[in-house]
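S.K.: Just so you know, the sequences run in chain order A and B. Every position in the first sequence, counted from 1, becomes a number in this note's numbering once 542 is added. Every position in the second sequence, counted from 1, becomes a number in this note's numbering once 542 is added.
Honestly, I wouldn't trust all of these hints.
Distance ranges between label pairs, derived from CB positions [said to hold, decoys possible]:
1. Gln-817(B) / Asp-701(A): 37 to 45 Å
2. Pro-658(B) / Leu-830(A): 46 to 54 Å
3. Glu-814(A) / Lys-554(B): 34 to 42 Å
4. Gly-676(A) / Ala-591(B): 50 to 58 Å
5. Tyr-674(A) / Glu-753(B): 28 to 36 Å
6. Glu-821(B) / Leu-596(A): 24 to 32 Å
7. Glu-721(B) / Lys-810(A): 27 to 35 Å
8. Arg-802(A) / Ala-610(B): 43 to 51 Å
9. Gly-714(B) / Gly-676(A): 27 to 35 Å
Away from chain B, derived, C-beta distances all over 10 Å, residues of chain A [claimed, not checked]:
10. Glu-573
11. Gly-579
12. Glu-588
13. Leu-594
14. Asp-600
15. Gln-611
16. Asn-636
17. Lys-712
Just so you know, these hints were derived from the structure itself, not from any lab. Glycine residues also receive a C-beta, built at the ideal position from the N, C-alpha and C atoms.
Number of protein chains: 2
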Amino acid sequence: MFSGFNTMERKKITIVGVGLIGGSLALQLNEKGMAAGIIGVESNAEHAAKALELGLIDEILPLEEAIAQSEAIVLAIPVDKMITILPKVLDRVNHQIVFDAGSTKSQLVNVVAGHPKRGRYVATHPMWGTEYSGPEAAVKSAFENKAVVICNAGESDADAVEWVRQVYRKIGMHLLEMEAVAHDLHAAYVSHISHITSFALANTVLEKEREDQAIFELASAGFESTVRLAKSNPAMWVPIFMQNRDNVLDVLNEHITQLRKFKSCLEKENYEYLQELIENANKIRRILG
Amino acid sequence: MFSGFNTMERKKITIVGVGLIGGSLALQLNEKGMAAGIIGVESNAEHAAKALELGLIDEILPLEEAIAQSEAIVLAIPVDKMITILPKVLDRVNHQIVFDAGSTKSQLVNVVAGHPKRGRYVATHPMWGTEYSGPEAAVKSAFENKAVVICNAGESDADAVEWVRQVYRKIGMHLLEMEAVAHDLHAAYVSHISHITSFALANTVLEKEREDQAIFELASAGFESTVRLAKSNPAMWVPIFMQNRDNVLDVLNEHITQLRKFKSCLEKENYEYLQELIENANKIRRILG
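Okay, chain A solo, but in the shape it has when bound (with noise of 0.2 Å):
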C-alpha cells in the first residue's frame, strides 16, 4: 500500500445509531484501522446489547458523554431524528468532526445552517442500503464501491471535510459532490421512487394474490428483485418521503403516467405503441450495462 490513508491517525468515534448503517460502518471503519476506538449511541436498548454482543462498538455511553469522548461524530438515525440531534450534537462539538448517513440533504444542511460549528459539520449520504434494518443487519464489505454523495462541501470546514473524503475513499466509494437540493432530486429518480413501486408492488399482490401459497411457491426471481424492497423499515422511510415530498411526488405522478400508458395499450390493444414503450425502456441498458 503506497496511499497517504495508511498514516491517517486513528480517532475515536462515537455512532449514533447502531443499526444496518451504522453497524456496517463501524464494521469498516475497525476493519479498515480507522477507529481508536467505537462508541455506540443508542435509544434502543435491544439494539445497544445486540451491536455490543457482535463486536461492533466497544460501549455504549449517553449521546453528551459520547460527544466529550470522541474525536468524531457519526449520525447514522432515522433522517427526521438527524434534524433534531444534529443541531443539538454541533451545540456540543468543539474540535470533533460530525458527519451524517442520511438519504435526504436539504432540510438537514438548513437546519444547520446559521450554526457557529456548522463548519465541523460534512453532509453525506454513502448510496447503500439493504432491505434489513438493526444492528444484526450489518454486513462487512458494505459501501464498498457504491457512491457518496458529499453535499454543500463548502459550509464545511477544509480539515473535516478531507477526513471524511479519506474516510469514505478507504472504505472503497466513489466520491461525489453536489448540493444539498441537487442530491435530493436525484435521490428520488434513482432511490426513493424505487422503494414506493416496490411497496406498492407488494400492495398489490398482497392485496389480488389471496393464495399466499401460490406467491409463495411460484414467485420468481424477477418478482423478487422488484418486490424485495417492499420489506424495508417504515421508521427509516416515512421520514424520507416526508422531507423529499416534492421531489418524490413529482417523480410518482410521472411514474404513474407511465404506468398509464401501459394500461393505455392494453386496453386499446395498441401493441404497437407497447412495443415502443418497452423498447424505449430497453434504454436503461445504456445506463446500467
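Following the hints, position chain B against chain A.
M.R.: Here is chain B on its own, set in the frame of chain A:
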C-alpha cells in the same frame, strides 16, 4: 445417486428457439445426461450460428426434418410464435413428446385442444429467466431450485407427462401442477406485473432524469434491482401481455390504485396512513422470507 432417473433413456431432442431459455435448457439436458444429441431449429441465422459455436446444440435443421429425427421436441420461442408453431409440430408428430416453456398457457392449450395428437404435448412453464436474450445469454445451472408449472396434465398422455416431469426433476426444479387458466392468473401477479412496473420505472427515470451521468453514478443496488427487468426483450414480452391481457390489466389497475394511495398520502401529508401502507407492504416478508 439412488434415484431411478439415472436409468432414464437418453433421447434425441429438438429445441425450437435456441435463445436464453432454449440455450439454457440445452446446457442442462447435456449436463444431466438426458440428451442423445440436440438439434436446434432457429429462424435467426446469427443465433443459429452462435448456438452451434457455443456447443449448445449439435446441428441446425429445418423444423420438419428435426421433428422426424427426434424423440422429443421443446418449444422455446415467443408465445405468439408458439401459437402458430405448436399445431404444426403436432401435425407432424407420431410417437414424439412435445413440450413448451412459454410464460402464458391458456391460449396455447386452447389452440391444440382438439388436435388428434394433443396427448403427445405437455404444457409447461419453467419459472426462470433473466433480462437478457439470445444464445449468448444461456447459462449453466439455469432453472435449478425454481418452480415449473405443468398445466392441464390430464390432457396429455401419461408417458409424455411422466418423461417431462423427470426432465424437470433432473434439472432440479420444483414441480407444480395447475390448470392453464389458474397459471395465467398467478403469473400475472408474480411475474408479468413486475415487468410492467420495471418498464414503467425505467421510462419514468429516463423521462425525468435528464442527466444520464447522475443515474449512472448514483444508481443504488435498490434502483438496479427494481429496474433491471426493464432490459427485457419486447419480442418476448409484448406477446405475453397480449395473451394475458385481462389478468395483466386487472393487476395493473390495482397497482395504479395502490400507487395513488401513496400519492394521496404525500399530497395530504397524511404520514400515519403512509406508515400503514408501508407496514402492510412489509407483510410480503411472511411470503418471501
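S.K.: Hint by hint, say whether it matches the structure.
M.R.: These are the hints, each one checked on the structure:
For Gln-817(B) paired with Asp-701(A), a C-beta distance near 40 Å keeps the hint of 37 to 45 Å intact. The hinted window of 46 to 54 Å between Pro-658(B) and Leu-830(A) holds, with their beta carbons roughly 49 Å apart. Remark: the range hint 34 to 42 Å for Glu-814(A) to Lys-554(B) is upheld by a beta-carbon distance near 40 Å. For the pair Gly-676(A) and Ala-591(B), the beta carbons lie near 53 Å from each other, so the given range of 50 to 58 Å is met.
For the pair Tyr-674(A) and Glu-753(B), the beta carbons lie near 31 Å from each other, so the given range of 28 to 36 Å is met. Here the CB-CB span from Glu-821(B) to Leu-596(A) is close to 27 Å, well matched to the stated 24 to 32 Å. The hinted window of 27 to 35 Å between Glu-721(B) and Lys-810(A) holds, with their beta carbons roughly 29 Å apart. A beta carbon spacing of about 50 Å between Arg-802(A) and Ala-610(B) agrees with the range 43 to 51 Å that was offered as a hint.
The hinted range of 27 to 35 Å is satisfied by Gly-714(B) and Gly-676(A), whose Cβ atoms lie roughly 34 Å apart. Residue-level check passed: Glu-573(A) sits 20 Å from the nearest beta carbon of chain B, beyond 10 Å. Listed as a non-interface residue, Gly-579(A) keeps its Cβ farther than 10 Å from every Cβ of chain B; the least gap is roughly 31 Å. Once the 10 Å rule is applied to beta carbons, Glu-588(A) is consistent with being away from chain B; the minimum gap is 19 Å.
The beta carbon of Leu-594(A) is kept farther than 10 Å from every beta carbon of chain B, the shortest such distance being approximately 27 Å. At roughly 30 Å from the closest C-beta of chain B, the C-beta of Asp-600(A) stays outside 10 Å, upholding its exclusion from the interface. Distance check on Gln-611(A): its Cβ is at least 34 Å (rounded) from any Cβ of chain B, clearing the 10 Å threshold; non-interface status holds. The Cβ of Asn-636(A) lies farther than 10 Å from every Cβ of chain B, with a closest approach of about 34 Å, so its non-interface assignment holds.
No beta-carbon of chain B is positioned within 10 Å of the beta-carbon of Lys-712(A); the least distance is around 20 Å.
The structure agrees with every numbered hint stated previously.
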